[in-house]
Amino acid sequence: MTIVEIELCGIKMKNPTMLAAGILGSTAASLNWAARSGAGAVVTKSFGMNPNKGYANPTTVEVTGGVINAIGLSNPGVNNFKVELEKLNKSVPAIASLYGANPEEFSEIAARVEGLVDALELNVSCPHAMGGCGSAIGQDPNLTSEIVRSVKKMVKIPVFVKLTPNVTDIVEIARHAEKAGADALTMINSLGPGMRIDIETGNPILKNRFGGLSGPAVKPVAIRCVFDVFESVEVPIIGVGGIRDYKDVIEFLYAGASCVQIGTSIMYEGMEIFEKIVFGLERFMNEMDYETVEEMVGIAHK
Amino acid sequence: MHAPTVVKIKRITEESPTVKTFIFDWKVENEIPGNFMMLWNFNDEKPMSLSLVDPVKNEIGISIRNVGEFTDQVHKLNVGDKLGLRGPYGRGFHIAGSKILAVGGGIGMAPIVAFSEEASKIGIEVHVISAASTMNEVLFSDRIQRSGAKLLTCTDDGSQGFCGFGTDLAEKTLLENDYNMVVSCGPEIMMKKLFEMVERFKLPAQFSLERYMKCGMGLCGQCCVDDLGWRVCVEGPVFWTDELRMITEFGQYKRDASGVKHNL
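Here the protein sequences line up with chains S and C, keeping their order. Residue 17 in this note's numbering sits at position 17 of the first sequence, with consecutive numbering throughout. Residue 181 in this note's numbering sits at position 181 of the second sequence, with consecutive numbering throughout.
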């Protein structure tokens with residue numbers, strides 16, 4: 001008997017896939033759509049205190065193996081976002097991705113949405129954020145700790161922390177986040193940042209010049225990050241980076257992730273990706289005689 | 001790959017005091033009327049509907065009304081100047097039916113002229129309502145007449161053709177004719193009214209929607225519409241009436257670059 005249901009920090013999920021933050025997810029409509037398409041949980045696009053237009057276009061360009069983006073955390077602000085969260089159909093757990101510039105901002109936003117979601121994911125890892133947000137925080141272990149601590153003090157629901165791979169030692173940051181009270185670690189945010197230059201004109205294509213790399217090309221880096229951190233922390237890891245099919249999910253589980261998030265590959269596969277991946281995973285588990293997803297977590301460490 | 005191809009402007013046609021068409025050499029493969037391109041002027045990038053798709057000459061065109069900073073920058077360009085194009089994007093118009101009413105309002109005539117040319121070419125009877133504020137702004141009359149489609153012009157001030165809104169002329173035309181398909185692009189208020197009209201007439205119809213877009217490749221979620229979350233850049237921009245019934249924000253509101261809602 002194959003069971004793909006999992007429990008993460010006390011939250012029951014019908015399967016180990018989630019819509020990753022930043023891909024669709026800025027409205028209840030698109031979050032509900034991902035849920036309807038088979039995602040085991042959904043993560044919102046990151047939002048902050050105030051409406052933010054993000055960068056001008058081009059904000060996204062495809063590269064070999066993925067996409068680089070500098071959307072710049074565009075969002076309608078926490079108060080408008082609350083209206084969206086109220087419209088979630090609650091068919092699967094919802095996780096709010098938050099960003100801010102300091103502990104006060106993070107904990108204030110967290111408090112405002114705590115009653116509307118099942119967990120929070122702190123975005124301290126966006127590689128193209130403005131004004132001291134994003135990876136400016138996640139590259140500093142002490143600032144990361146401070147923010148995690150202040151949010152944990154404020155809310156009772158589980159707090160996930162999304163880490164950037166763009167550091168010398170991700171294990172150090174992971175340990176700090178865990179020590180500060182993180183209930184789970186999501187890794188990795190987009191890689192780089194990277195650039196693409198138009199060779200006809202010499203112009204960097206992205207308006208922001210550089211942006212975070214996501215998609216299949218980042219997967220080996222994500223797998224390595226999950227593998228390294230798994231050996232050093234006790235809290236569950238949510239693996240994300242370049243997942244396109246069920247085999248990628250299995251690699252993440254074997255590396256030590258308890259569940260996974262899927263984002264950029266929606267561009268290649270459409271919203272059907274969740275259903276396809278879960279089906280492939282079930283078939284693989286059946287063939288390999290795994291009864292639960294949990295059995296597969298960390299197998300690469302024996 | 002979702003990356004701009006830099007091309008030179010081959011021709012520029014002045015369509016009206018405010019509208020220019022920019023024509024490019026382009027290997028036409030999957031491009032159809034109703035598709036859009038992301039147009040990059042090395043400063044900003046915006047979605048623009050194809051107003052010309054010529055698979056014989058391998059040319060495409062986009063028509064731009066000068067309404068703001070970006071469009072003004074593009075309007076200042078000359079033949080030979082470079083622009084970046086990526087696409088085609090979205091789902092275009094499905095050419096179906098034997099007698100079609102095509103209703104375009106303002107710059108919404110851009111995909112309508114391309115549609116009318118293609119549908120007429122394969123032998124479908126097309127009647128085009130070309131609605132504008134005033135006679136100088138009536139777009140693409142020559143192309144529509146040359147295509148063999150029947151042209152019905154309409155101006156708000158009555159300076160050319162029918163005096164009144166495109167929807168008023170549409171109602172009159174729908175009563176006098178037996179169409180089996182309606183297609184439209186234009187101001188959303190106009191399309192909402194036309195949508196209600198075709199529902200009354202029990203006619204299948206396709207409408208091209210516009211929403212704020214960023215990535216154009218179905219990732220950022222900026223153009224998702226309520227309540228089903230469809231992406232205007234992938235599932236749209238052309239929607240059928242049975243789909244529009246499920247787009248609850250149609251004719252009601254749009255979201256801006258930050259995602260804040262604004263009533264129409």
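To be clear, the hints were calculated from the coordinates, so they are not data collected in a lab. Hints are supplied without guarantee of correctness; some may be wrong.
Claimed, not checked - Taking lysine-lysine pairs in the DSS-like style, the calculated list, with each CA pair at most 30 Å apart, reads:
| no. | chain 1 | residue 1 | chain 2 | residue 2 |
| --- | --- | --- | --- | --- |
| 1 | C | K121 | S | K207 |
| 2 | C | K8 | S | K90 |
| 3 | C | K82 | C | K20 |
| 4 | S | K53 | C | K76 |
| 5 | C | K172 | S | K82 |
| 6 | C | K76 | C | K121 |
| 7 | S | K82 | C | K46 |
| 8 | S | K82 | S | K53 |
| 9 | S | K87 | C | K8 |
| 10 | S | K82 | C | K254 |
| 11 | S | K276 | S | K156 |
| 12 | S | K152 | S | K14 |
| 13 | C | K76 | S | K207 |
| 14 | C | K150 | C | K261 |
| 15 | S | K207 | C | K46 |
| 16 | C | K46 | S | K53 |
| 17 | C | K82 | C | K150 |
| 18 | C | K202 | C | K20 |
| 19 | C | K20 | S | K53 |
| 20 | C | K193 | S | K207 |
| 21 | S | K87 | S | K276 |
| 22 | C | K192 | S | K53 |
| 23 | S | K90 | C | K121 |
| 24 | C | K8 | C | K82 |
| 25 | S | K207 | C | K10 |
| 26 | C | K192 | S | K82 |
| 27 | S | K207 | C | K8 |
| 28 | C | K57 | C | K121 |
| 29 | C | K27 | C | K57 |
| 30 | S | K53 | C | K10 |
| 31 | S | K87 | C | K76 |
| 32 | C | K121 | C | K192 |
| 33 | C | K172 | C | K99 |
| 34 | C | K121 | C | K27 |
| 35 | C | K57 | S | K87 |
| 36 | S | K12 | S | K302 |
| 37 | S | K90 | S | K153 |
All of these numbers come straight from a predicted model, not from anything done at the bench.
What hint numbers does the structure not satisfy?
Hint check: 1, 2, 5, 6, 9, 11, 14, 17, 18, 20, 23, 30, 31, 35 fail, others pass.
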